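Asks: Spelled out, the chains give:
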Amino acid sequence: MSVSDAVSTPWRRASLAAAVFAVDPLGSGLLVRAGAGPARDELMTRVAGALAPMRLSRAPADIADDRLIGGLDVAATLRAGKPIAETGVLAASHGGVIAMAMAERISVGVAARLSQALDSGEVALQRDGLSAILPARVGVIALDEGQEDEATPAALAERLGFWIDLEHVGWRDIEPPALTPEDFEAARKLLPSVESDDKVIEILVATAFQFGVDSPRGVLFALRAARALAALRGETKVERDDIELAATLVLGPRATRMPAPPEDQESEEPPPPPPEEETPPDEPPEQKGEDNTPRELEEQILEAVRAALPPGLLAALAAGAPRNRRSSAKDGKSGEEIYSLQRGRPLDARPGSLSKGRLALVATLRAAAPWRKLRLKPEEQNSRRVIVKPEDFRIRRHRQKKGATTIFVVDASGSLAMTRLAEVKGAIEMLLADCYARRDNIALVAFRGRAGEIVLPPTRSTARAKRALTGLPGGGGTPVAAGLDVAAAVADQARRKGQTPLIVLMTDGRANICRDGGSGRPRAMEDAIDAAKRIAAAQFSVLCIDTTQGGGSGPDAPVRQLAGAMLGRYVKLPRADAAVINAVVRGALPQ
Amino acid sequence: MVNPFPFSAIVGQDDMRLAFMIAATDPSVGGVLAFGDRGTGKSTAVRALAALLPKIKVVSGCPYNCAPDKQAKLCGACNGGGKQKTEMRSAPVVDLPLGATEDRVVGALNLERALAAGEKHFEPGLLARANRGFLYIDEVNLLEDHLVDLLLDVAASGVNLVEREGLSLSHPARFVLIGSGNPEEGELRPQMLDRFGLALEVRTPQDVPTRMEVIRRRDAYDRDPEAFHKQWAGAEKKLRTKITHARERVADVEVPDSVLERATRLCLTLGSDGLRGELTLIRAARAYAALEDVKVVGDAELKRIAPMVLSHRLRRNPLDDSGSSTRVARAVEEVFAK
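Protein sequences, first through last, are from chains A and B.
Its first residue numbered 414, the first sequence is counted upward by one per residue in this note's numbering.
Its first residue numbered 498, the second sequence is counted upward by one per residue in this note's numbering.
I should point out that these hints are in silico values taken from the structure, not numbers from a laboratory.
Take these hints with a grain of salt, some might be off.
Here are the simulated DSS-like cross-link-like pairs (lysine-lysine), alpha carbons at most 27 Å apart as the crow flies [unchecked claim]: (1) B/Lys735 to B/Lys552; (2) B/Lys734 to B/Lys552; (3) B/Lys617 to A/Lys802; (4) B/Lys617 to A/Lys790.
Not the full set, but computed from the structure, chain A residues with beta-carbon under 8 Å of chain B [as the list claims (entries may be wrong)]: (5) Pro496; (6) Val521; (7) Gly522; (8) Arg526; (9) Ala619; (10) Leu633; (11) Trp784; (12) Arg785; (13) Thr875.
Residues on chain B that point at chain A, a partial pick, calculated with CB under 10 Å [stated by the list, open to error]: (14) Thr537; (15) Leu612; (16) Asn679; (17) Gln703; (18) Arg713.
Bear in mind that the values here come from a model prediction, so they are computed numbers and not experimental data.
Using N, Cα and C, we set each Cβ at its ideal position, and we do this for glycine too.
Same shape as in the complex, but just chain A (with noise of 0.2 Å):
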């Protein structure tokens, strides 16, 4: 099979991917984008056999520390009398890989934690009295079944080497196996004496370069990855064949932009789409190789990452849509989940009555620990029973302090938009600086033209507000339905999350696009109504300012109607800056 035809489709792309993973997963990972289904289970079945006779454990996403981590095995402990420390999954899977379900779901904490073992290969266990650093030395493969902006976190997805989609992968598309387990282990058994020369950095960080992959761990997977093919062709030697399918293969997923056309080309045309089509049939690539010069090389590297990108990423670049904001926008959302609800803020164990909580087992054994032999019968001086009284017990306590979710709904359309836009940016900043806090979350929803856009999903980083806000378009039609449309939708959301939702409307209310894109003012008026009495059946909290110049503030003042309509709040505020909004708002937020 030709270098080309080695990832021509996706499931070769993948099947590939998983199989140099295989060679070498220590320390790196797959990263497998796709819903359950026989494309998935398949590549999973043929990664454990390859990965045999290493370990391919299981872990959820949710995974608590106690697990994670390691710590105190309490029934062990009494018995022994002596404190046993329980493994936890990175420990016990030390020269092993742990396969991470449902990864779009895993918080950033989770994904910290695993980072650090993917990093050092060890562990440091600092918990319920116990003190250890455990070698860890694992792959990590993360099954990602995300929805549009849902992902496993960036942190962790930059740490596994290969990064594989499978979405649009049937069982039709499944090819038989090319490899055997014992290929597999002679490999593993060659590549510790496959060797690479400069060139091949070289090649490696220029393509990295044009394809805008800026963390050095691209290039040293690609590296790696370099290695391990060399390795299952049985070599050890790296060939030219092996750096174009290692930088297709790791590359090729992380490619932020599209790299410049050479000048010599007058190539305005948008970039080919995938492979299927052409390659040049009279050139076989073996022939490419060695007397190119090193440019010549890079341009046809290139061309063979460019040629396999997967086509929603080729999409996504070629509108030039950002890629970390996809990446970073899960992060936003999993970092809420460490501070979430369900688990509140631990707050130290506290003597307490088992009505009140659950009780903190570890606390309470501590508790009871010192007086066991003074509690103990002088015949039972030998028992290694432990006497837990009343008084031993310790609770759980957890904060639960319900933070709020403010979604900004601003009026993007008309002249106005642009100062408009400015003050609410201003705002958010000064309200992001102080939600530390309070835990609170800020989103920006902005309408302009035909529909609503989520231009900030629900965040407390300034880091990302900043750069989300730079840049916002302005002008065209004003459909505040569809605004408020997407407002509602944001706002159930956070509430799903726990979080109380505020919505805050900015606009001067002259609704002129309707919902399915038409224009005609009462018309569209009447859309805005409706979605906001929908608003009002959510029972979500609501502001509305009104930044109409002059006129009335009367109940015929249109913003007026819409808040009557969404039972909210309504401010006139013609000239708003940033802080008299901070203030508006701050005033609305729940207590």
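Once you have looked at the hints, place chain B on chain A.
Replies: Same frame as chain A, but now just chain B:
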């Protein structure tokens, strides 16, 4: 961890390396916060630092690394009087991992002795181990709130007060706080930010030759850590000597009034609160001068370290889009133009 990546082999990232060297020269500068892109060697640098720190002299067997010559700071255990034996120990660089529980950070009842013998015995925690050394928190912005509160308190007072499980004691806990993280994953609390003397933004190098060198070295290290270490042993030794010498010299470095004035003016221009900014400016400039073997701090030294001392102390100005380092650079221009 047997052989961490050598500090001297880190490519580029001059600011980060300088900040760590300054903190190693004069711990009173305060901690270092390295915030920025993934894969820029933040953690690598911290772990590498441990190998460069001069050894410290401690009372034998003291779990808190008490120095024998400083009576005032002796812990309860060493304070018992009599002549103390001493020993040399590596300066501690202690990891505070995410997921650590409070009892391990502060210290708590020794469970083993309590269970087996029914004795109340204090088991010192990470704060005790970090005394007179460095406490490193990777992903510091993800640290749980109750641990942050605790650290804020100890970092300010230099004393760890333990009141739990019927234990009541205190011990010295002076350490240099080192934090790293990626701001996109969550903001750092302002109070915490303030505990760091130096802060820097770490960016991925944007030129191909530098990137190639990064890859080359990292790859060489990954393939054969021991050989790589041998190769860099000379450079490491030089750096270690540099820090040792700088420590000896730092007390004698002069800071003329004119430099003091500039430092003050710089802080005023930027509106940074309190005196901490000025103090850190002077201390960091002095440490930098000592590292460079300069006897009198001049404008050059002040200019070099000003961004890392001041960029995180600016009052947030929501309507000013320029990054904090640009603002500091502007203020430096302004002040030094006069």
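Asks: In ascending order, which of the hints set out earlier in this document are inconsistent with the structure?
Replies: none
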